[in-house]
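For reference, the chains in residue letters:
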Amino acid sequence: MSHQPEQNQYAADVVTTTEWVQNNLNDPKVRIVEVDYDPVLNYNQGHVPGAVLFDWKKDLNDPLTRDIVSKQGLEELLGRNGISKDTQIILYGDFNNWFAAYAFWDLQYYGVKGVKLMNGGRKKWLLEDRPLSKDTPSYGRETFVASKPDETIRAYREQVFQALHRSGTSLVDVRSPKEFTGEVLAPPEYPTEHAQRGGHIPGAVSIPWGQAVNDADGTFKGRKELEVLYSSKGVTPDHDVIAYCRIGERSSHTWFVLKYLLGYPHVRNYDGSWTEWGNSVKLPLEK
Amino acid sequence: MRIADCEFPDGLLYYAEGTMWAAEAEGEVRLGITNLLSWSFGVFASVRLKEAGTELQRGGILGSLEGARHFDVLRSPLSGTVTKTNDALVPSPRLLNSFPYSEGWLAQMRPDDPSELDALNPLPSVASSIAEGLRVRGIHCFVRFPDLELFEIGVECSAALVRLNEVLRPSEAGTVVHVVSDDPSADIEMERWADETGNKFLEHRKDGSIHHFIVSKAG
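Sequence order for the protein chains is A and B.
When you line the first sequence up against our numbering, it's residues 1 to 287, in that order.
When you line the second sequence up against our numbering, it's residues 1001 to 1219, in that order.
Worth double-checking, as some hints may not be accurate.
[Said to hold, decoys possible] Computed Cβ-Cβ distance ranges for the label pairs, DEER-style:
(1) A:Arg141 <-> B:Asp1187: 52 to 60 Å
(2) B:Arg1135 <-> A:Thr143: 49 to 57 Å
(3) A:Lys57 <-> B:Gly1208: 41 to 49 Å
(4) B:Asp1112 <-> A:Asn23: 27 to 35 Å
(5) A:Lys58 <-> B:Ala1218: 39 to 47 Å
(6) B:Ala1218 <-> A:Asn23: 53 to 61 Å
(7) A:Asp129 <-> B:Glu1024: 21 to 29 Å
(8) A:Ser133 <-> B:Leu1117: 27 to 35 Å
(9) B:Glu1024 <-> A:Arg66: 49 to 57 Å
(10) B:Gly1027 <-> A:Asp129: 24 to 32 Å
(11) A:Thr143 <-> B:Asp1187: 25 to 33 Å
[As the list claims (entries may be wrong)] Cut-off 30 Å, straight-line C-alpha distance, at most; resulting in silico cross-link-like pairs (DSBU-like, lysine-lysine):
(12) A:Lys178 <-> B:Lys1217
(13) A:Lys178 <-> A:Lys71
(14) A:Lys113 <-> A:Lys221
(15) A:Lys233 <-> A:Lys178
(16) A:Lys85 <-> A:Lys178
(17) B:Lys1217 <-> A:Lys287
(18) A:Lys233 <-> A:Lys221
(19) A:Lys178 <-> B:Lys1084
(20) A:Lys57 <-> B:Lys1206
(21) A:Lys71 <-> A:Lys29
(22) A:Lys134 <-> A:Lys113
(23) A:Lys221 <-> B:Lys1050
(24) A:Lys71 <-> A:Lys58
(25) A:Lys148 <-> A:Lys113
(26) A:Lys148 <-> A:Lys58
(27) A:Lys148 <-> A:Lys29
(28) B:Lys1217 <-> B:Lys1206
(29) A:Lys134 <-> B:Lys1050
Source of the hints: derived by calculation from the structure; they are not laboratory data.
Since we're looking at a predicted model, the values are computed, not measured.
Ideal Cβ positions, reconstructed from N, Cα and C, are used throughout, including at glycine.
Model the full assembly from the supplied sequences, consistent with the hints where possible.
Below, the structure written as structure tokens:
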């Protein structure tokens, strides 16, 4: 089954196929990057030949400041993996590309151009029985100069709070329905990461991230189907849209869909998400 | 044989670094996953297997598994034809967590060349690789696979038990919960809790200063 015709209708050229990746494995201008939450069970068990690893916890976040990796940190990460401004970066990863989408958002934040996601991620590559390697490649160091942060794609708590009473803003909660209603404080697979309170940001609509992908192979749904999904819940291109989840990774997946596949002009990812909002003093919520 | 408290039956043959098992059944070969996979995927959400009648080469894709923490494909240890798959897994993929060696079997195959079975490993030859696999994945099995987990670190045990009761109240009888506590007297309080509520206290393990409890709801 090919999604190629639908992909061509996406608003921006930001998605590539597993087939294209396999045909370009040896191109020195292309760098394939696996982005994992859990490299032990994924990258280390076998990955796209020649792919380097970005470890979401270690490489893309600064745990001390609870922030995105610094500009210098990102430049170092790209440089040591042999990525220059002329390199075509292809991201893919575990968990249906959640963390790859987060990496895409990090890279856009620092102005890195021409990045694409491999549609279907690790799941589709495995299902299609494409080659895997356990070798960790190394590439000659490059120098990468990133841009200063693009704050137009990121939302902070105060901005979300300001947006609560403003018309023309859509808040999209992409967590599971039980997290939205407050029935569970954390998804069962991450029991240590719960918030003090359950529920959602007032006025948010619930559109779980997974509704944007085909369950069988993790690829994005076609553009028409995605447009109906979001616009039927009132999330339209004329709005300022803010997506959030629990820690900002599933919402970067939805941010990617809205901003690049559908071409909505104003979309932000609120990476503080529920672990910030649900734990903060005096912030309102709904259940 | 138990490795890191995980059961690996002696009579089975193992392949894929001890993540999968094979055994003769009904004159054919029955296949399944071991506790090494069962405990690393989290609660299973879906299982997809090739249909009966599918011919596979050794190493070909037999199907895929998706759990709360992981997705992966499963490969065939031999060339042959899939003769049946375990229909019970479709409505209850959770069987893979609870009974990976019995009700949670995956598929049955008729091998093209039965001598290929000789290339699979009896437990003694794969035990060290299984132990290493458990170690790198950080797996240590409990008597029962938990439906829910409660991490109550820095919380007084009585407060943790209030949370446990809240979690169990809407749950079905038999629901298994893994409770983690660093309260030094948690083991005594947990025994008292089981006596008072009638719920079952199935296992206690102490790891440094951390208590792990496996409890299940009565009924």
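Exercise for review: Would you pick out the hints that fail for this structure and give their numbers low to high?
Suggested key: 2, 3, 11, 13, 16, 19
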